[in-house]
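Asker: Sequence:
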Amino acid sequence: MSEMSVFLAGNVAMETTEEFVVSERFKDSEGRPVAWVLRSITEEDNDAIRKSATKRSKSKGGQQVAEVDQTDYLSKLAVACVKFPNLKDADLQKSYGVLGAETLIRKMLLAGEYANLLLKVQEINGFDKDMNDLVDEAKN
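Numbering (the working numbering) for the sequence shown: 1 to 140.
Calculated directly from the structure, the hints in this document are not laboratory data. Positions of the beta carbon are idealized from the N, C-alpha and C atoms, including for glycine. Keep in mind that a hint or two might mislead.
Calculated lysine-lysine pairs in the DSSO-like style (CA-CA distance at most 30 Å, straight line) [what the hints assert, rightly or not]: (1) Lys76 with Lys55; (2) Lys88 with Lys58; (3) Lys107 with Lys55; (4) Lys76 with Lys88; (5) Lys120 with Lys51; (6) Lys107 with Lys60; (7) Lys120 with Lys107; (8) Lys83 with Lys58; (9) Lys58 with Lys120; (10) Lys83 with Lys107; (11) Lys88 with Lys51; (12) Lys51 with Lys76; (13) Lys107 with Lys94; (14) Lys94 with Lys55; (15) Lys88 with Lys60; (16) Lys27 with Lys83; (17) Lys94 with Lys51.
Derived CB-CB ranges, DEER-like [unchecked claim]: (18) Glu3 with Arg32: 19 to 27 Å; (19) Ala13 with Lys60: 41 to 49 Å; (20) Gly100 with Glu3: 23 to 31 Å; (21) Ser52 with Glu3: 36 to 44 Å; (22) Glu30 with Ser57: 47 to 55 Å; (23) Glu30 with Lys88: 26 to 34 Å; (24) Thr103 with Asp28: 35 to 43 Å; (25) Glu3 with Val65: 42 to 50 Å; (26) Glu3 with Glu67: 36 to 44 Å; (27) Thr17 with Ala66: 46 to 54 Å; (28) Asp28 with Met4: 41 to 49 Å; (29) Ala9 with Gly31: 39 to 47 Å; (30) Lys88 with Asn116: 38 to 46 Å.
Sequences and hints are given; from them, build the entire structure.
Answerer: Have a look at this one:
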């Protein structure tokens, strides 16, 4: 295999999935915690999420300023990365009395559980690596 062939789409794992117990509160019929299934996304998907979470406002000088709403961005990122449970399921949303996957995920989880989910989502997408760590890896 040539050096360039390792970069061809057919030779690259496009999506990483991982099971993660977000909360001990969701249990199966035998009392065991149910793992959520998380997936990675491409930068193309991430860019679309970031753009959808970007708000435009006018600055004091009257110029348009674009600012990413981090709360909205992280919520949409988490929803995009959760394969199971299906957060877009109407019955699941109805059971919590909410509309929309972003609202549902914040309603379902305790604050610490949500924070842990966000950390795992960032990790599975490669956001957990410090730039200095990447430089050290490249040197070796």
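Asker: Which numbered hints are broken by the structure, listed smallest first?
Answerer: Violated: hints 2, 6, 8, 9, 15, 18, 20, 24, 27, 30.
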